[in-house]
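Required output: the full structure, derived from the provided sequences and hints.
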Amino acid sequence: MLKFENVSKRYQETGEVLRDVSFHLRRGELAFLTGHSGAGKSTLLKLIAVMERCNKGQIFLDGENLSHAREKHIPYLRRKMGFIYQDYKLLQDRTVFDNVALPLVIAGYGHQEVARKVRAVLDKVGLTGKEKKFPRALSGGEQQRVGIARAVVNKPPMIIADEPTGNLDPDLSAEIMRLFESYQQMGVTVLIASHDISLISRMNHRLLKLDHGQLVVS
Amino acid sequence: MNKKPSNRRQTREVDAPKYHKPTKADVRPNRAAGGGFADKLNAYRDLHAHALFSSLGRLVAEPFSSLMTIAVLAITISLASGFYLLLVNCQQLTNHLEASTQISLFLKEEVSDIRAAKLLETIKNNPKVQQATLISKDRGLEEFKTYSGFGAAVSSLKSNPLPIVIEVLPKNSLTNKDELEILQHEFQQNEGVELAQLDMQWLERLQSIMALAGCATALLNTMLIAAVLFITANTIRLELHSRREEVIIAKLVGATHAFIRRPFLYTGAWIGFISGVAAWFIVTVMMLVLRVPVESLSKLYGGNFHLLFFSFAQTLQLIAIATTLGVIGAWAVLMYQLQRTKPE
Ligand SMILES: Nc1ncnc2c1ncn2[C@@H]1O[C@H](COP(=O)(O)OP(=O)(O)OP(=O)(O)O)[C@@H](O)[C@H]1O
Ligand SMILES: [Mg+2]
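For the record, the sequence lines run as chains W and P. Residues in the first sequence are numbered consecutively from 1, following the UniProt record's numbering. Residues in the second sequence are numbered consecutively from 1, following the UniProt record's numbering.
Please note: incorrect hints may appear among the correct ones.
Stated by the list, open to error - Taking lysine to aspartate or glutamate and the EDC-like style, the derived pairs with C-alpha atoms no more than 20 Å apart in a straight line are:
1. P:118 <-> P:186
2. P:342 <-> W:52
3. P:40 <-> W:87
4. P:342 <-> W:87
Source of the hints: derived by calculation from the structure; they are not laboratory data.
Okay, here's the thing in structure tokens:
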């Protein structure tokens, strides 16, 4: 599903952030990406979202070579992955419903289908009845679940999360992780960047560990 | 360090075949995302309708800044269209004057009144002539006395020095200078005619002044159109800046540039449209104010000149051009700016 082949990324200002990273995530796998702060976790995820391009090596998503993706092709690639951010990246002036509906509207679904799918996914993440609320009226955990709902509403084959539990208490974090596991159970490939070691070690999944830009455990 | 046995993964894929289709379909730009063709079409129409009304809603939500932009645009557009209308009115005026161009035939000294009357008849029968009037020596002298201010001096003359004059008004269709000159030449050939005078010089001057005015208006309007483009472009740029977060999030969840552009293009269209309508009102009110003095001036000169307002077609044109300029201004800045709004 996701394959890195000898990927390197360097920034002008900071030099080489990722060095010769190779790994292969199979369809339906759940893996954690860990490492110290500044190890390059977020950078690696940005490469998958084509927010940044790698300098060396190749990245394949579902057989598609991301390193060669043309600019106008990128939106369609991004629809194949659901991204979840530590700071949620929700539109504050839109309701929960509109936030979650955004990927569907972009993909061109009619509004009946949008409404049906949004309700279904809000049920799934436990936000039934909150669709008319605005994000700032929700707790951190609830906002994170809105972010997750938005990421999965279009049923992407891959979910990518950057520190999804960074701001949450341990109970909520465990709950969010269980949500990811349930998606994995449905055959979705999940990659989660996190340095919540205790949580990761309890969960018995594949671990990718970055140290100063190099993959030390895979 | 894959801790899961691979057969587990396999079962999972079989367990949940409904979650997603493991095809590349979603990546192809033109493939339907869901539902049938009619569904897609409806969704597309909904998108446009939503963009149309949400962009208007946004303008209304910030009445002060919208009003400022629209006021500046409306004034600029009213200047451009006002100059144009002024030009059209002046052209109408010169057309009137051209139509009243006369050829004066000064007859030879020895031509008698009877011969002059015969000549008048032949001229009247000329198909290129609309009207011809004979001014006898006596009448010519009368007129000279009344209008010249030399009445007393003229009275003291023993004999009448004035020739018989025939004033010829060519057909209205003869507005072309060349045609008029041909007619003048024709009259000059007549042996009773001393001089056939076509007073074209002032007309030529007027025409070149009008040509200059037309050229100046075109130049000025080009500048004003450029100003309209820059003003809308800047407005959209500010709008884009204040909605940067939204643009980035939309990009991250897979929005194409076309999708992101749409509401901004509608904003440009609304700004242009409203400014166009406002400019129409400004110019029309100005013309109403001008109408009374212009028509009383026209009456003084015995003319029946009426101010031209925007016709229905011109009104539509004005609003359509303003709307198009709004869209073009928005488009230009979006082409430039969207490439640079990267998720980061
Ligand atoms: N846009 C950028 N330009 C220059 N350098 C960057 C940029 N983004 C990240 N870096 C550098 O790359 C390195 C890795 O950053 P990254 O955000 O990937 O770390 P991280 O593993 O996600 O850390 P954290 O756990 O704190 O989020 C850092 O040293 C950072 O300074
Ligand atoms: Mg990070």
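Status of each hint after checking the structure:
1. P:118 <-> P:186: holds, 17 Å
2. P:342 <-> W:52: holds, 10 Å
3. P:40 <-> W:87: Judged against 20 Å, a Cα distance of about 33 Å means the pair is violated.
4. P:342 <-> W:87: holds, 18 Å
Checked against the numbered hints listed earlier, the structure breaks hint 3 alone; every other hint is satisfied.
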